[in-house]
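Listed here are the chains, written in short residue letters.
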Amino acid sequence: MTSVAVVGFTQAPNVRETQGTTNGVEMLVPTLAEAFQQTGLSPSDIGFWCSGSSDYLAGRAFTFISAIDAIGAFPPINESHVEMDAAWALYEAWVKILTGEVDTALVYGFGKSSAGTLRRVLSLQLDPYVVAPLWPDSISIAGIQARMGMESGRWSEQAMAEVAARSLTDAAANPSAQRREAVTAAELLDRPVVADPLRAHDIAPITDGASVVILARTERAREIVERPAVITGFEHRVDSPSLGGRDLTRSESTRAAGRAAGGDGVELAELHAPFSHQELILAGELGLADGVRINPSGGALAANALFSGGLTRIGEAAMRIIDGTAGKVLAHATSGPALQQNLVAVMEGE
Amino acid sequence: MSKQRAAVLGTGQTHHKAKRTDVSMPGLIREAVDRAMADAQVDWPDIDAVVLGKAPDLFEGVMMPELFLADALGASGKPLLRVHTAGSVGGSTSLVAASLVTSGVHRRVLTVAFEKQSESNAMWALSIAPPFSMPVGAGAGGYFAPHVRAYIRRAEAPEHIGALVAVKDRRNGALNPYAHLRQPEITFESVQASQVLWDPIRYDETCPSSDGACAMVLGDEAAGDAVPGGAAWIHATAMRTEPTTFAGRDQVNPQSGKDAAAALWRDGGITDPFAEIDVAELYVPFSWFEPMWLENMGFAEEGTGWKLTESGTTELGGRLPINPSGGVMCTNPIGASGMLRCAEAAKQVMGRAGDYQVDGARKAVGHAYGGGSQYFAMWLVGADKP
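Chain order of the listed sequences is A and B.
Using the working numbering, read the first sequence as starting at 861 and increasing by one per residue.
Using the working numbering, read the second sequence as starting at 48 and increasing by one per residue.
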């Protein structure tokens, strides 16, 4: 059976606003160069390329076409694109290597959230006939979700603040983080509510960013890095879009993907939770044991570059295998309103 | 490792029209999905995953519409992927779905592509001026017309070839009950009398703007073996990309198309495409692209593609029928157009193409391109296992 491993990961600085265009090229050129430097590979070593991005975030059609200018794609390349977080591009690339057609793949994601009013842009993901015309924005929907969990006793403001305090404190050690602060939950709870019941710390920042992950068939991966992060489980699921038709305090798709991916015994998890309470939902659905280290990078609450944020979670977790600090890790990516779509990757060292 | 075999188990499509105001987006895709699942004789528990493709989200005004369509796609609780590779997306979506089977990850996959162009105006959605990019100008026709003019000059092609393709495709479309434009009465003279839109392209030499969807069910070897009358076996797939603009780029006969075709023939064991392929569904949105792609694909030497058209070789009943379904010239729901090419190729080798069936079709090609002739996706299907 073919197996596939992560051999490299790089990311652009996560910032509130870049001066570059919405096609990501200015963020991608140095990030790709760094990935090639890190792995010792060159563009001609890559068998398949796959990216994730959104035309709506960029406010134009065909953003991803301009983005390939960052590669210098001539002679022509074997390439594909998903209109999703690049974590799903990584999934497509993983499948491509499993077919045996290629040995290596480079995956990138990018997004310039600062180009528009993000919470309004994301409203356009909703049912265009009966929901989007009401313009419920992404933060309001998350607020409803948080409120439902608090009122049903599944979590509390205190638990949410503890997630944020841990994330922001951990982010202090992450040079790529956008938001970092050594802070306690008590201090955070003294701050004002911005979208009841959410405080600023409960909401991921608006981030411009990009990231790159390189995959290789495991035999090839061993030639590139000493300790490749071998993917032992890779699964994703989507839930119904009907906000009133599913229990927003749960995430069936995360539970199903996690079970299928086989996350038992992971030491570390990078969870893509753009809102503090969503980390609580995810950790519960994935059945993470108490000792599992969650989001040592600071997670999405420290930086959340859309369309690369999920890929970054996988890259961060993989690097903990590659650098020898962990033996088995789990990474998660989400997409859509209120955790509608979820992906889980489990990786191990050899 | 050796790849797993994959096959098309069944296909379905909507009736295509300029405005399908009788259905919502979920209704539109479900029309194609229900037909494909009936054709494949499968039910929802048989489907392991769903892959959706469509062109820019700005065409319908919905960001990542696969999210709100998850229930209508039967995807809730399952893996759902969304592909977007410009106009080639229907082709590349088919290829991604195929890879889910050939990789051994899934046994049966539903793949769907759609566009509801009546929700907006695609021509102007494309006519934007982002910084540092060459503006497209007046939609796709304005972009591609100079390429056609350059082809005519380079190939020393007679000016009437475009009209010959238009007449052929529209008459073929009249045989296809799902086609948007069905014009059995069209004549060479009427095409030549139609208005020039973008020199040298006339109104009757352009594709329509359509609302429509296409769906296919793909399966593994065991599923393919069970198809009554035989499945369409996937022999090879190929995708290639190059940048839109750079000094020295050949936009008339792009390298990415040539490379994709060469990979397709190599992986499919084809040494002489003209002799070995029985029928091809090529992405021809403007009639002149038939001779251009015949050359780019290697069916004809460079500069001679128009001679195949002129001699009637590409007609239904000719040696190498091109677009017997009527093709993009009759039906163009942009995001679905590439998948329609793949599905129509599959129908031919399954013997399910009805009035436009090519007698004895054993090997067929589905082809799609997108962007500024820079994204190519194609597959080779056969009546026999590879």
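It is worth saying that the hints were derived from the structure and are not from the lab.
Keep in mind that a hint or two might mislead.
[Stated by the list, open to error] Below, in silico cross-link-like pairs of lysine to any residue (SDA-like), each with a Cα-Cα straight-line distance of 25 Å or less: (1) B/K305 with A/D963; (2) B/K305 with A/P903; (3) B/K305 with A/G932; (4) B/K432 with A/P988; (5) B/K50 with A/V962; (6) B/K66 with A/G907; (7) B/K64 with B/P231; (8) B/K50 with A/S863; (9) B/K305 with A/T862; (10) B/K305 with A/S902; (11) B/K432 with B/R154; (12) B/K50 with A/V885; (13) B/K64 with B/R154; (14) B/K64 with B/Q51; (15) B/K50 with A/E961; (16) B/K64 with B/S174; (17) B/K305 with A/V962; (18) B/K66 with A/P988; (19) B/K64 with B/K50; (20) B/K305 with A/M861; (21) B/K50 with A/D963; (22) B/K354 with B/R218; (23) B/K305 with A/S863; (24) B/K432 with B/A85; (25) B/K64 with A/S902; (26) B/K50 with A/D1050; (27) B/K50 with A/M861; (28) B/K50 with A/V1090; (29) B/K50 with A/E1079; (30) B/K50 with A/A1120; (31) B/K64 with A/P988.
Going through the numbered hints above, which ones does this structure break? Give me the numbers in ascending order. 4, 6, 9, 12, 13, 14, 19, 20, 23, 25 and 26
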